[in-house]
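Take the sequences, apply the hints, and build the full model.
2 protein chains.
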Amino acid sequence: MANGGFLLVLSGPSGSGKGTVSEALMKKNEEIRYSTSVTTRKPRPGEVNGENYFFATKEEFEDMVKKDELLEHAFVHTNYYGTPKRFVFDEIDRGEIVLLEIDVQGALQVKEKYKEAVFIFLLPPSMDELLNRIRKRGTESEEDIETRFSNAFKEIDFVGEYDYFVVNDSVDNAVTDIENIIAAEKLRVKRHSDVKELVIKPKED
Amino acid sequence: MANGGFLLVLSGPSGSGKGTVSEALMKKNEEIRYSTSVTTRKPRPGEVNGENYFFATKEEFEDMVKKDELLEHAFVHTNYYGTPKRFVFDEIDRGEIVLLEIDVQGALQVKEKYKEAVFIFLLPPSMDELLNRIRKRGTESEEDIETRFSNAFKEIDFVGEYDYFVVNDSVDNAVTDIENIIAAEKLRVKRHSDVKELVIKPKED
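These protein sequence lines map, in sequence, to chains A and B.
Using our numbering, you'd call the opening residue of the first sequence number 120 and step up by one each time.
Using our numbering, you'd call the opening residue of the second sequence number 120 and step up by one each time.
Derived by calculation from the structure, the hints in this document are not laboratory data.
It is possible that part of the hints are untrue.
[Claimed, not checked] Here are the simulated DSSO-like cross-link-like pairs (lysine-lysine), alpha carbons at most 30 Å apart as the crow flies:
id, chain 1, residue 1, chain 2, residue 2
1, B, 147, A, 315
2, A, 305, A, 320
3, A, 234, B, 185
4, A, 315, B, 232
5, A, 230, A, 161
6, A, 305, B, 305
7, A, 234, B, 315
8, B, 273, B, 230
9, B, 232, B, 305
10, B, 146, B, 230
11, B, 234, A, 230
12, A, 177, A, 255
13, B, 230, A, 309
14, A, 147, B, 147
15, A, 204, A, 177
16, A, 230, A, 185
17, A, 186, A, 147
18, A, 309, B, 185
19, B, 185, A, 146
20, B, 320, A, 305
21, B, 147, A, 234
[To be verified] Okay, the calculated beta carbon distance ranges per label pair:
id, chain 1, residue 1, chain 2, residue 2, range
22, B, 320, A, 235, 25 to 35 Å
23, B, 121, A, 145, 44 to 54 Å
24, B, 195, A, 292, 42 to 52 Å
25, B, 312, A, 269, 22 to 32 Å
26, B, 185, A, 292, 20 to 30 Å
27, B, 289, A, 185, 45 to 55 Å
28, A, 269, B, 121, 25 to 35 Å
29, B, 251, A, 208, 37 to 47 Å
30, B, 295, A, 265, 44 to 54 Å
31, B, 146, A, 272, 28 to 38 Å
32, B, 295, A, 149, 14 to 24 Å
33, A, 259, B, 188, 35 to 45 Å
34, B, 178, A, 292, 47 to 57 Å
It should be emphasised that the depicted structure is a prediction, and the values quoted were computed from it without experimental measurement.
Where is the CB? At the ideal position from N, CA and C, for every residue including glycine.
If you want it as structure tokens, here you go:
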């Protein structure tokens, strides 16, 4: 039943600032639910199952992949990470907006399985600024920086697969753009099973 | 060339308040262009060709219909009215947002010819309120009022053909909703030929 909920996929290349924007967006809009990932990595002290992550064994994770229970998944370093369908779809069924912040490869996987999501591509304001941002992390060798930059450049070609683009020239502007997109998507006819019902039986306050 | 412009079709049944909302929207957003209709009715004193309307003879109008130069047209009382493609498409090519306020039948005609437009269905807050609004016009017989009301009720079924719905519970709220939709639609990837260009060659201010 479509009752206004949807999955918002916020994605972009390394250095686009999707983590920062995502955090600022959540802080300003407490009603947005953050998609909880499932992972095979061990919980760190203080991490709560079902809150920070759903923790799973390698066997459990591979079983979820086999049963097509994930919207996307990736193997990073020595661990699996994925987005469980059940969590996302349960929230959407309750009319919630679920935010998934993810890299470009992950977003493209989600699109294959669930094109009803709203896909936003976060762009750096310029390629110079993108390089600055990648450099500022300061933890990587010049070679790593160049690889990351060249990957980011190539990933921007996938913007055509997305619904919206947002230029991250400032975090505030990017958040406002995303808030406008959310406001508009809430008014999509296709996200409501019966719009006529809204008028015939207006909701009690 | 897609450079961000689009046609916004604001439509709804009689009594939904589309005229009032449309006027308030234009007043607050002076950059929006209003679609100029072509008509066979005679200019009234003070009306300027190409500003209030494009005035045409019956023969000229029928020729435009024959050549498929109109997005929609209707015969009202003794005159033709229509929306010329050229005006709308020229403005869109310049990156402008063009507003067309039109009844449901007209909007459905536009959709047949140009589904790339953004279609907004304006709903009254309730059927009681719709009846109030139709009555308040005070110029019609009880029979006319009932016909108008019953037509409006049937027209709401076409909301499924539209992209967005906006409930006109107050003019201010309706205008804000439409402004959010416009802000979001400006960020649509498909409305820009080359999003990557935005990043590689950022525009000079």
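A quick look at each hint next to the structure:
1. Distance restraint check for residue 147 of chain B and residue 315 of chain A: the Cα-Cα separation of roughly 29 Å lies within the 30 Å cut-off, and the hinted pair is therefore satisfied.
2. Taking the CA atoms of residue 305 of chain A and residue 320 of chain A, the gap is near 19 Å; set against the 30 Å cutoff, the hint holds.
3. Under the criterion of a C-alpha separation no larger than 30 Å, the hint pairing residue 234 of chain A with residue 185 of chain B is inconsistent with the structure, at around 40 Å.
4. Between residue 315 of chain A and residue 232 of chain B, the direct Cα distance comes to roughly 26 Å. Compliance with the 30 Å bound is thereby established for this hinted pair.
5. The suggested pairing of residue 230 of chain A with residue 161 of chain A holds, with an alpha-carbon distance near 29 Å, which does not exceed 30 Å.
6. Distance check on the hinted pair: residue 305 of chain A and residue 305 of chain B sit about 17 Å apart at the alpha-carbon level, within 30 Å; holds.
7. Between residue 234 of chain A and residue 315 of chain B the CA atoms are separated by roughly 22 Å; this keeps the pair inside 30 Å, and the hint holds.
8. Distance check on the hinted pair: residue 273 of chain B and residue 230 of chain B sit about 19 Å apart at the alpha-carbon level, within 30 Å; holds.
9. Pair hint residue 232 of chain B plus residue 305 of chain B holds up; C-alpha atoms about 22 Å apart against a cutoff of 30 Å.
10. At most 30 Å may separate the alpha-carbon atoms for a hinted pair to count; residue 146 of chain B and residue 230 of chain B meet this at roughly 26 Å.
11. In summary, the hint linking residue 234 of chain B to residue 230 of chain A is supported, as the alpha carbons are separated by about 23 Å, within the 30 Å threshold.
12. Our distance criterion of 30 Å between C-alpha atoms is broken by residue 177 of chain A and residue 255 of chain A, whose separation comes to about 35 Å.
13. Taking the CA atoms of residue 230 of chain B and residue 309 of chain A, the gap is about 16 Å. The hint holds against a cut of 30 Å.
14. Note on residue 147 of chain A and residue 147 of chain B: the hinted pairing holds, with a Cα-Cα distance of about 26 Å set against a maximum of 30 Å.
15. Restraint check for residue 204 of chain A and residue 177 of chain A: the C-alpha separation of about 18 Å stays at or below 30 Å, so the hint holds.
16. Restraint check: the Cα-Cα separation between residue 230 of chain A and residue 185 of chain A comes to about 19 Å, which is no more than 30 Å; the hinted pair holds.
17. Between residue 186 of chain A and residue 147 of chain A the alpha-carbon distance is near 36 Å, which puts this suggested pair outside the 30 Å criterion.
18. Distance check on the hinted pair: residue 309 of chain A and residue 185 of chain B sit about 35 Å apart at the alpha-carbon level, beyond 30 Å; violated.
19. A C-alpha spacing of about 57 Å is found between residue 185 of chain B and residue 146 of chain A, which places the hinted pair above 30 Å, so the restraint is violated.
20. For the proposed pair residue 320 of chain B and residue 305 of chain A, the alpha carbon gap of about 33 Å is over 30 Å, so the pair is violated.
21. This hinted pair does not check out: residue 147 of chain B and residue 234 of chain A have alpha carbons roughly 35 Å apart, beyond 30 Å.
22. Between residue 320 of chain B and residue 235 of chain A the C-beta distance comes to about 34 Å, which sits within the given range of 25 to 35 Å.
23. Evaluation of the 44 to 54 Å hint for residue 121 of chain B and residue 145 of chain A yields a failure: the beta carbon distance comes to about 32 Å.
24. Residue 195 of chain B and residue 292 of chain A have their C-beta atoms about 45 Å apart, which keeps the hinted 42 to 52 Å range intact.
25. Range check, residue 312 of chain B to residue 269 of chain A: Cβ separation about 24 Å, and the 22 to 32 Å hint holds.
26. Residue 185 of chain B and residue 292 of chain A have their C-beta atoms about 48 Å apart, which leaves the hinted 20 to 30 Å range violated.
27. Taking 45 to 55 Å as the suggested C-beta distance range, the pair residue 289 of chain B and residue 185 of chain A conforms, at roughly 53 Å.
28. In this structure, residue 269 of chain A and residue 121 of chain B meet the distance hint of 25 to 35 Å, their C-beta atoms being roughly 28 Å apart.
29. Range check, residue 251 of chain B to residue 208 of chain A: Cβ separation about 41 Å, and the 37 to 47 Å hint holds.
30. Residue 295 of chain B and residue 265 of chain A have their C-beta atoms about 46 Å apart, which keeps the hinted 44 to 54 Å range intact.
31. For the pair residue 146 of chain B and residue 272 of chain A, the supplied restraint of 28 to 38 Å is violated, since their beta-carbon distance comes to about 44 Å.
32. For residue 295 of chain B and residue 149 of chain A, the Cβ-Cβ distance of about 21 Å falls inside the hinted range of 14 to 24 Å, so the restraint holds.
33. Judged by the Cβ atoms, the range 35 to 45 Å given for residue 259 of chain A and residue 188 of chain B is violated: they are separated by roughly 59 Å.
34. Distance hint check for residue 178 of chain B and residue 292 of chain A: the Cβ-Cβ separation is about 53 Å, which falls inside the suggested range of 47 to 57 Å.
Checked against the numbered hints given earlier, the structure breaks hints 3, 12, 17, 18, 19, 20, 21, 23, 26, 31, 33 and satisfies all the rest.
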